[in-house]
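*Asks:* Start from the sequences and build out the full structure, keeping to the hints where you can.
Protein chains in written order, with UniProt numbering: chain X, 1 to 208; chain W, 1 to 208; chain L, 1 to 208; chain E, 1 to 208.
Identical chains blur together in the list; that is why a pair holds if it fits in one copy or across any two.
Lysine-lysine pairs mimicking DSBU-like chemistry, simulated, CA-CA at most 35 Å apart: (1) K75 - K181; (2) K157 - K118; (3) K181 - K157.
No lab work stands behind these hints: they were computed from the structure. Small disclaimer: the values here were computed from a predicted structure and weren't measured.
Number of protein chains: 4
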Amino acid sequence: MFDVTRYAAAADTIIAAGRFLYGQGWSPATSSNYSARIDEHHVAITVSGRHKGELGAGDVMVVDLEGRPVQSECKSSAETLLHTVLYDIFPDVGAVLHTHSVNATVLSRLLPPGTPLKLEGYELQKAFSGVQSHESVLEIPVFDNTQDITALAEQTKAWFADHPEQPGYLIRGHGLYTWGKTMADCLRHVEAFEFLLECELETMRVRP
Amino acid sequence: MFDVTRYAAAADTIIAAGRFLYGQGWSPATSSNYSARIDEHHVAITVSGRHKGELGAGDVMVVDLEGRPVQSECKSSAETLLHTVLYDIFPDVGAVLHTHSVNATVLSRLLPPGTPLKLEGYELQKAFSGVQSHESVLEIPVFDNTQDITALAEQTKAWFADHPEQPGYLIRGHGLYTWGKTMADCLRHVEAFEFLLECELETMRVRP
Amino acid sequence: MFDVTRYAAAADTIIAAGRFLYGQGWSPATSSNYSARIDEHHVAITVSGRHKGELGAGDVMVVDLEGRPVQSECKSSAETLLHTVLYDIFPDVGAVLHTHSVNATVLSRLLPPGTPLKLEGYELQKAFSGVQSHESVLEIPVFDNTQDITALAEQTKAWFADHPEQPGYLIRGHGLYTWGKTMADCLRHVEAFEFLLECELETMRVRP
Amino acid sequence: MFDVTRYAAAADTIIAAGRFLYGQGWSPATSSNYSARIDEHHVAITVSGRHKGELGAGDVMVVDLEGRPVQSECKSSAETLLHTVLYDIFPDVGAVLHTHSVNATVLSRLLPPGTPLKLEGYELQKAFSGVQSHESVLEIPVFDNTQDITALAEQTKAWFADHPEQPGYLIRGHGLYTWGKTMADCLRHVEAFEFLLECELETMRVRP
Chain X
1 MFDVTRYAAA
11 ADTIIAAGRF
21 LYGQGWSPAT
31 SSNYSARIDE
41 HHVAITVSGR
51 HKGELGAGDV
61 MVVDLEGRPV
71 QSECKSSAET
81 LLHTVLYDIF
91 PDVGAVLHTH
101 SVNATVLSRL
111 LPPGTPLKLE
121 GYELQKAFSG
131 VQSHESVLEI
141 PVFDNTQDIT
151 ALAEQTKAWF
161 ADHPEQPGYL
171 IRGHGLYTWG
181 KTMADCLRHV
191 EAFEFLLECE
201 LETMRVRP
Chain W
1 MFDVTRYAAA
11 ADTIIAAGRF
21 LYGQGWSPAT
31 SSNYSARIDE
41 HHVAITVSGR
51 HKGELGAGDV
61 MVVDLEGRPV
71 QSECKSSAET
81 LLHTVLYDIF
91 PDVGAVLHTH
101 SVNATVLSRL
111 LPPGTPLKLE
121 GYELQKAFSG
131 VQSHESVLEI
141 PVFDNTQDIT
151 ALAEQTKAWF
161 ADHPEQPGYL
171 IRGHGLYTWG
181 KTMADCLRHV
191 EAFEFLLECE
201 LETMRVRP
Chain L
1 MFDVTRYAAA
11 ADTIIAAGRF
21 LYGQGWSPAT
31 SSNYSARIDE
41 HHVAITVSGR
51 HKGELGAGDV
61 MVVDLEGRPV
71 QSECKSSAET
81 LLHTVLYDIF
91 PDVGAVLHTH
101 SVNATVLSRL
111 LPPGTPLKLE
121 GYELQKAFSG
131 VQSHESVLEI
141 PVFDNTQDIT
151 ALAEQTKAWF
161 ADHPEQPGYL
171 IRGHGLYTWG
181 KTMADCLRHV
191 EAFEFLLECE
201 LETMRVRP
Chain E
1 MFDVTRYAAA
11 ADTIIAAGRF
21 LYGQGWSPAT
31 SSNYSARIDE
41 HHVAITVSGR
51 HKGELGAGDV
61 MVVDLEGRPV
71 QSECKSSAET
81 LLHTVLYDIF
91 PDVGAVLHTH
101 SVNATVLSRL
111 LPPGTPLKLE
121 GYELQKAFSG
131 VQSHESVLEI
141 PVFDNTQDIT
151 ALAEQTKAWF
161 ADHPEQPGYL
171 IRGHGLYTWG
181 KTMADCLRHV
191 EAFEFLLECE
201 LETMRVRP
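*Replies:* Take a look at the structure:
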């Protein structure tokens, strides 16, 4: 059983995030999924296939950390497990956002398989929690896309158990996952990632 | 004779679609035309030459499936037949949108004549009705532009009778046609197409 | 003497145009100037140096066709004569817009001196009054930039007396001039030009 | 002691500037910092780490020209000294804006170390106070990024004492600093810089 008021508050942060992210063009065509922690065992998450710029209370449901619906007959996103593993391994994660921008899609397809995205020398890296200097190096892993989400969830779980300090990852031809203690932190991470992906791609345009 | 309330409801979806599509920059300078099915024999469609971001009820008229005005002295879009053939061959099509983005225009001019646009490996392909995996291949035909719309209508009719599963097509230097069971489905298809066209063009920018 | 109500109506169209054009990013940093005809001898035009997204009634003044202020102590745009020659040679011109987009600036600098911008094969060419087919060719002249506006005004006057059918011109590193019978026509021309300039530049990006 | 009404008025201009600059995408992910002069010895400046599109009165504090908080327990931006040296050496500066756009970030990384950004032949250079012609040359210095702000403040102070006519500078991989007599002047400078940076980068895209 979860606290309904905490669920409603979590749903509100998801609805507002959707309006912002869709408006930025980062969640087109009913793509993307968002979640926010309710308590140790429950997560509020978007229902599958909804328009992300027009979310209402009926578009957010509750799942447990194994991704099973709680008090709901709705179907959560096919990628629910990619959210729940993060809540499971990082007790202080309060929100997870998966977005679908052109820049994340194109850049993740252009990087050679097995190569992480390396970010270095950008002042904006300091937008990620715990980063103090532009001289740090962020290595963002790029996982191959698959429709077998259970396998990908295991893969990301293993990777992030070993790299707890990294703030997000890409799936090739698909999009970005990032998280934070609060929804505000998580949105700041999305903005920082999108900025840095745009910088990297822009640099490749000019120096192909 | 058509049901006037169904006409008014169809016109409303067209007006709202125009506000969105113009705001995205996909219907500039009075270009584009939009339609929505009223019943088996009638279609609501935009009057020729109107500002697509400022459509009102007086900018939407009714035509039959041969493209002839019904109870109206207005002139519908010069491309009316490209809409009506789709309603004719696909009984479950409820809306058709023709848009005019920079990306559709440029990409359709860059592809060699006779070559379709091939889309593969994008998670967002799943936004098209019936597509289950990013591993599917979408082949979007590119027709040569012409002012002889009757001939082009025949050409598209023949092509889509043979390829009922494809969700849209391009006209070279001109724009995109796509459709769906409802206006919401059709708008999702436009968003998905525009996203994928942007990805393709962006990739060509970086890897010319 | 001019009709004050007609002046006020002309000023309203200028103010609304400014809000739109600034919002599109085509009139940044107090650049650009706009005008609308009041009668055979008078034109409403923006006062020099005003924020184009925040124009009010006090930012529009009246000049005669020699560019002299009428009933005003304000200073009109330094480029007033580029507007008034158009009203002078084309009696049916009702509005002139000069905008300052990145695309117009960059493209006009990239074209070799003496070379017009050639537009051909775009369906959107039909947005220009009098153009019936994408197979027409539009040759847009590019004048060298200068701070000697009197000389440039003479140059454009001579050119357009010989080419009355062309819908606009570029000034190198500076921007676009276009006009129309009404402000709505003129705004449609700006949108069509910006679309086509973007297409041309985008093509050069992909095929450098 | 400073006049509280002047502080409140300065804070208002900062809050409005933030809404605009964030909306343009030039201050993402809590980056950037803004200030406005209160009097000869005091400056209103943004508190560290706040969302720049959602600033309220509680997000603006007062510092003296040595960058020390006045009547506040908040922490001002880590880059406060980069603001205060400008108020110190230029008595007529009324506002300083530091922004963080993709274009400023990418372009400053692409320029070889030690090379200023040269702007020439753009009509929009006239948007900078004191510039009369597109034939002028603006040389914008690019300082290396550092977390040692005291050292960078000294460096900029020395440079601008020698080059009082230049309207701004870049920090590599970091962003833009510009200033003006009023906040309106300063915002015009930001818009002009962003326009010119976009033009330069766009030209490099087409002619790599």
